[in-house]
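Chain B: place on chain A using the hints.
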Amino acid sequence: MGKRLGKWFISMKTAMLAVIIGLLVYLAVPFSAFAADPSGAETLAHNPQSPVDYVWVLVCGFLVFFMQAGFAMVEAGFCRAKNATNLMAKNTIDFVVASLVFMAFGFALMMGNDYKGLIGTSGWFLHGANYDVGKYLMFFWQLVFAGTAATIVSGAVAERLKFKAYFLYSLAVTAIVYPIYGHWVWGGGWLSKLPFGVGHVDFAGSGVVHTIGGFVGLAGAIVLGPRFGKFGKDGKPRAIPGHSIVLAALGTFILWFGWFGFNPGSTFSAHQLRIAVIAVNTNLAAAAGAAVAILLVFLKTKKWDVGMMLNGCLAGLVAVTAPCAWIEAWAAVVIGSIAGLLVVLSVYFWENIGVDDPVGAVSVHAVNGFWGLISVGLFADGTYGLGTTEGPLVKGLFYGGGLGQLIAQAIGAVVCVAWAFGLGLIIFKVMDKCFGVRVLPHEEIKGLDIGEHGTPAYPNFYTFNN
Amino acid sequence: MRKIEAVIRVEKLEEVTDALEKFGCPGMMVTHIEGHGRQKGITEQFRGREFKVNFIPKIKIEIVVKDVDTDKIIQLIMSTVKTGEIGDGKIFIYPIENIVRIRTGEKGEVAV
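For the protein sequence lines, the chains are A and B, in the order given.
Numbering-wise (numbering that gives the first Met the number 0), the first sequence opens with residue 0 and increments by one.
Numbering-wise (numbering that gives the first Met the number 0), the second sequence opens with residue 0 and increments by one.
Here chain B stands alone, though its shape is the one from the complex:
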């Protein structure tokens, strides 16, 4: 089992949600976050004076999937959210030790 944590553009959330649902992804967690990567924020302007905004609004998606689905889902997310411009985001993959479905007490891959 793997957790896929993808930081993506805010405007891509709907598209990626649709794609994941079509694939049959069991569930997802979404967090509104702020942050920056190598581009180091952007410049904004207020009443004639420019200022630096260090953190840009982003969306973080977390999905826990079976090992066999991992690569397919990563490919799916990449093909959906990629624009080729700076700020497309990153995907982090973690191993998951175990999962427990609280309602039934099921453990492991059946609980995904």
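For reference, chain A alone in the conformation it holds in the complex:
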């Protein structure tokens, strides 16, 4: 056994060595034959107006990056103090992994030259023709989105998933799950070319980012099972209150702020003055979602529930992410309001069927990402096209666009769910078979901070748990 394992390691080592040598050879060959512009001088000479677009996209990208902080705070606030270190670790490592993996594989799979509408095939390691200011700009933009999709999952699997499993999951999502679906919608793949409406569209990623992240999270939550104490002996769901509504609210404000980069920046150009419409729609949906969620819970319990209002706000933002560029203000309010309703129903629904989603990530991102995709087919008003003011314009059912766009949206949404949930189940199941994805029971009860990291989040405070 030992000998066989030894041999296996040696052959693995040889294989790794071969890969590394191959890589070095690949990276050492200059690709001067391609018209890449690493300095930016040619791009500027060709288009003197490009700096404003570059600055716009980069600043919006920085805002999207800051959403990592928002997710970290929301999840920490909605979970118990004994797992706060673990949540910080996971929210950091996913962006660390995303940055490296997306540079190596993800970006090429997503935005490289299209192969039969399925995957991209060029731009590995940002090398050769991709050593270009325009490509780097696009890479940065897509990277912060990939990081967002990855980080959504940590909320759904919080307080019981091993750090090791999260590390590997981040690899799989940013190398395969996100980029390939992203290619189908944004990289010129088959969904964008559906023969209905203008093809499946998703302006800033209700589907590509949020539905993907949300349904992978759902798969993780199902494979893991609920936390200890989430369901009573009678099987009834019980509340496990988080340790800081203050952090959860701060995180929500950071996300809300970051969304002003996420959606308007998706024009990829400051010359698209539609950014003003997008910013207003984004904000209105957030407000409508928050208002409906807090009112609904008040009707049920006679208390002004802040946690649910925060989830409602995020639900509105997720839903409006796909349609934000193609709708007018009233539609943003309607879409956000329905998101607020959906998030409340969804939180109760998942709990009642035995799924434990500690921060409501599935209800916010999976359910409302899906709703956002569908809403394009209903509310798109035909005043704006695919990131351009020229045709084809996106028109939904309520504006006389017929059923075409709605069908394209529904196909894309269903494919998105199947892809994310299916691959999510495979990823978590395989890991579970190999090494077990859930921490040991005594570790879970003591909190993951000590067992997994050796570092309590609040070492000088007595953190007590019911």
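Please keep in mind that the hints were generated in silico from the structure rather than gathered at the bench.
Among the clues, some could well be false.
[Claimed, not checked] Derived Cβ-Cβ restraints for the label pairs, each shown as a range:
id, chain 1, residue 1, chain 2, residue 2, range
1, A, 237, B, 95, 43 to 49 Å
2, B, 53, A, 434, 34 to 40 Å
3, B, 22, A, 237, 45 to 51 Å
4, B, 13, A, 275, 49 to 55 Å
5, B, 85, A, 449, 35 to 41 Å
6, B, 9, A, 230, 28 to 34 Å
7, A, 353, B, 9, 36 to 42 Å
8, A, 115, B, 52, 57 to 63 Å
9, A, 237, B, 36, 22 to 28 Å
10, A, 189, B, 41, 54 to 60 Å
11, B, 34, A, 244, 39 to 45 Å
12, B, 95, A, 353, 53 to 59 Å
13, B, 52, A, 406, 48 to 54 Å
[Unchecked claim] Where chain B lies over chain A, by a calculated footprint (3+ residues, C-beta under 8 Å):
id, segment
14, 236-250
15, 297-304
16, 335-349
For each residue, glycine too, the CB sits at the ideal point set by N, CA and C.
Just chain B now, kept in the frame of chain A:
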């Protein structure tokens, strides 16, 4: 000598401290505790779901006083912390066998 142990509302601590100081009470010990009496905890809510909190934060004050002061101090605490609502707390009175002041070795009522 008696030990007076009063379990009171958290928000009443400052008021009762002031009143005891004015009276000339020699010293006091304060502990943050959790517990419940006959009202059996309260209901809180988190993201749309209500849950029961069995133990409510309270303050426990311990004072050791001379026999002659006992009733006056109990009256003082009651008049300061009483609101008439559920959750005002309780006062427990214990006999004290002896007291030793560590610094001087004095014993009995002089050490109070």
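Evaluated hints:
no. : hint                       : in the structure
1   : 237(A) / 95(B): 43 to 49 Å : holds (45 Å)
2   : 53(B) / 434(A): 34 to 40 Å : holds (38 Å)
3   : 22(B) / 237(A): 45 to 51 Å : holds (47 Å)
4   : 13(B) / 275(A): 49 to 55 Å : holds (53 Å)
5   : 85(B) / 449(A): 35 to 41 Å : holds (39 Å)
6   : 9(B) / 230(A): 28 to 34 Å  : holds (33 Å)
7   : 353(A) / 9(B): 36 to 42 Å  : holds (38 Å)
8   : 115(A) / 52(B): 57 to 63 Å : holds (59 Å)
9   : 237(A) / 36(B): 22 to 28 Å : holds (24 Å)
10  : 189(A) / 41(B): 54 to 60 Å : holds (56 Å)
11  : 34(B) / 244(A): 39 to 45 Å : violated (24 Å)
12  : 95(B) / 353(A): 53 to 59 Å : holds (56 Å)
13  : 52(B) / 406(A): 48 to 54 Å : holds (51 Å)
14  : 236-250                    : holds (count 6)
15  : 297-304                    : holds (count 4)
16  : 335-349                    : holds (count 3)
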